[in-house]
Amino acid sequence: MDILNAIVLLLNYTIIPALSYGSQLALGAIFVTLIYGVLRFANFATGDMMSFGTMFAVLLTFYFQSIGISLGVLPTALLTIPFAIIMMILYMLSIDKFVFSYYRVKKSPPVVLAMVSVGVMFVTQAIIRIIIGPFDRRFLDGEKFILKANEFKEITGLNEGLTIKSTQAITIVVTIIVVSIMFWFLNKTKTGTSMRAYSDNEDLALLSGIDPKKVVLLTWIIAGILATVGGVLYGLDKSYKPFVYFNNMLPIFAAAIVGGIGNPLGAFLGGYVVAFGEILITYAYKKFFTYILPSSLEPNSLMQLLSTDYKFAVSFSILVIVLLFRPSGIFKGLRI
Amino acid sequence: MAFFEGNNMTAGYGTGPDIINSCSINVNRGEIVAILGPNGAGKSTAMKAMLGLLKLKSGSILIDGKDITSLSPQDRVKSGISFVPQTRNVFADLTVRENLEIGAFLRTDDVDKVIDEIYELFPILNEKKSQVVGELSGGQRQQVALGRALMIRPSVLMLDEPTAGVSPIVMNELFHHIIKVKNTNVAVIMVEQNAKQALSISDRGYVLVTGQNKFEGSGNELLQDPEVRRSFLGG
Amino acid sequence: MKQYLNVVTAYIIMFTLIIFVGVFQSWSQALSILNYCLISAVMTIGANIQWGYAGLINFGIMGYTALGGLAVVLVSVAPVPEAWKAGGINMVGSLGIVVAMIFLIRYVLKRIQKSKQRNYLIAGIIVIGILLIRLVAGPGIESIEAVEPAKTGFLGGLGMPILFSWIVGAFFAGGLAYIIGKIALGLRADYLAIATLLIAEIVVSIIKHEDWLARGVKNVIGLKRPVPYEIDLQTAPWFINLVEKLNSGKLKVIDTISERQDVLNQLVIDASSVYVKLCMAGLFLSVVIILLIVTQKALYSPWGRKMRAIRDNEDAASAMGKNVVKEHLLIFILGSAVVGLAGAMMVTNDGLFTPGSYRPMRYTFVIWVMVIVGGTGNNFGAILGGFVVWFLWVEAAPIALFLINLFTSHLPETNALKIHLIESAPYFRFLMIGTGVLLIMRYRPQGILPEKIIKQ
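Chains as they are written, first to last, in my numbering: chain A, 1 to 336; chain B, 1001 to 1235; chain C, 2001 to 2456.
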């Protein structure tokens, strides 16, 4: 019984939150890694681009709610994702056309493109704040919980409750769907293979007749989908605040590098490594040990490795360690 | 008249001096032609000019009697000219089979059949077809590179220093494969540093010096020529 | 000659703009902008040393700035004896553990061959060290933070003169840069950018959350000043006389004595703030000038030539026997130290240390924009960039407001769009800065004042 309680405790406070947070990071990290792999620069506008897509989902959700459209138990925002994705892709393509393509044609070094992306970051932040403002907004509606703690306790008779928020379930399910489709596309279709080929060896891809314009277009489209979905899922789970999205760029970068930048599968797993790292290292295990240890050994401290204030710091430390010992990422060479 | 001809080609980079000067190279189907010469003689430049990576100032390039001098590199690929660069000539992150598929990117017909042909030519590729190319040995990689280039069923195959940086054993194996390719009725042009070995498998050879044809002749003739031996083959 | 003309023209335009602010807004405001421009200029000199001289991207400016600020608190604030009594021993013990950890790791690195076991050993040392520190420091931190939490709750500083803290700030930042440089300088340029960005976040989050150190997000206020206080000036007879003399024309036309006294009081209050800011500006300007002279000398010295050679062709330089990594580390430390100095100057100027305000947008990216806009590799350009961008950053909102009113003047005051736009005016600064960067990167990639090609 105590063992079960301990497991439920961990599930409730670490594993489920880490899975859903990890999924959100994973989507962002694949976005970073795709841009890096194909367009060859570190995109410092990552967080703000995700924020841009989410903004449309938020606005459309409010609009749909005002005219009475809803998805019942599911959040209305899910319905708005396709529209938000379209707006997002249009925005990204116009940024690419007016900003990035110039440097690509000129074959500027990646550093220059990274600097340019800083400019894009400023502009995007401005547009977002002018349109929707800097405030914290919640746009989750529908059923909030799939499983509530006391229901779980009643059913199982355990001391510990298990809560599953609907946003957590939606995050995990949607991530699995989106990421599977993406990997299917990248690995099993001719166009997807040509994208990977271009990312691997640009000159040879050109010699083989691959059209670079098409590859770039496709990359932005996939990136737009990932960024919007990731952003909306994060916003549903927590809330939508532009500044927070900007900051999310940091753990997302950490995830992408931990996974080996340029490698989508690595980025996907990197998201979970960072999320689990953050949550497991800052979780206080006192209660967990009270369950599994005999009462004579019960700990009197919190049994917490680092205080939760250092959540971000943990993911960055993971990154620094990876950079030190395996700069090409811990999932080097791993593929589907 | 030969199947593929580069006639009196003159070209250079940008506004700089001409690197090749009235240089002529021709090759027939089922023939291996080696382009040799000291460093800076313009071997690679001549190849780039024939591929269309470099614009000619004067001269012409013909394939099967058709003038392709003004075509872009991509369009030359479509007219049957394939190229294996010296370095980075495979997609290291992709599997062997994916490499071949990308080689046939422009083909719309049955790719599987061509891939089977390549597997027949290079059986090891069939064994390793789902392995990532980056994990293969140097010799196997070179076969992938050849296979990728052959996927468009080219009539002319150009190789830029295929044996640069490989061990002597691998070099022999590679030359053996190049002969196999030639026997499928492909015209092969290769730029080579390992002159002696290259000439031993070549039907003909050109020796370029300062961008001009200095010697030409059959492989044996060049190997025997005392002057060529003294200057390029090390006695 | 034309080069110098450009520099002179650009600076004249900039100072005219600041004078404009003085005339149309207020002199106090103009001097605030000038002071921040000067601080920004120091930061850009620091970033420019790294980017312009060596091509290193340091997105960790925020971290060094914060460390510089921390130095001000640790040096200038009076110590809190109660807190030292409550938990001083624990903290000194923890420091001892940290030092022991560093020496242990150094020992392991030196004596044991590079291997998996060594990595595990180091990881083990770090984990055990952290646990030990938590054990030792935990109770100490609690008791320190319990000492008058509303006023102190931290160990305080050394109670030394604040100007000394500027040097300490530079040393702090340089020390951090040494560690980061050792870790990250071998990385590719864009990895280095990301790594430094994240490490700066770690630094700031430590300063934010370790309340015993510098009160964390509770801020430290009322820091000492290297210049007089307004309050003292307002009661100092020499100052009142000076103000009276300067404004004698204005005061003469006022008839009644009480009214004249009121006006004079107001003038004294205004003048005291201007005077204080002028003193600050003098201090900052001397720092900028000293740095400028030193960096210019360095740039045109054999060492500067070597650095540029390394930047322009790392492989060739290293083939010629230049130790690229060592030079990069040196540049990284020097540049960061200058940024740390700027961080200390900024906290001194503000008179308060607010760890919660250190955000990458303001302290890293805006500084980078300054470097790019001004002209990389050119110190005059970098300083000008600091001026221009800071000026825009501050004046963007009023400019935007003016433009919005201009373009929506035909709309009624109640128009929703107009109201929304007016409310959004502050965010137009991001738009202006962003478009500015994009335009400069596209049409003048070398910045307003490009790096000169030095003819030998």
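Derived by calculation from the structure, the hints in this document are not laboratory data. Any given hint might turn out to be false.
The list that follows gives simulated cross-link-like pairs (lysine to any residue, SDA-like), each with its CA atoms no further than 25 Å apart [as the list claims (entries may be wrong)]:
id, chain 1, residue 1, chain 2, residue 2
1, C, Lys2182, A, Ser328
2, A, Lys214, B, Leu1053
3, B, Lys1057, B, Gly1030
4, B, Lys1066, A, Leu206
Comparing the hints with the structure gives:
no., hint, in the structure
1, C:Lys2182 x A:Ser328, "holds (18 Å)"
2, A:Lys214 x B:Leu1053, "holds (22 Å)"
3, B:Lys1057 x B:Gly1030, "violated (30 Å)"
4, B:Lys1066 x A:Leu206, "holds (24 Å)"
In summary, the structure is inconsistent with hint 3 from the numbered list given earlier, while agreeing with all the others.
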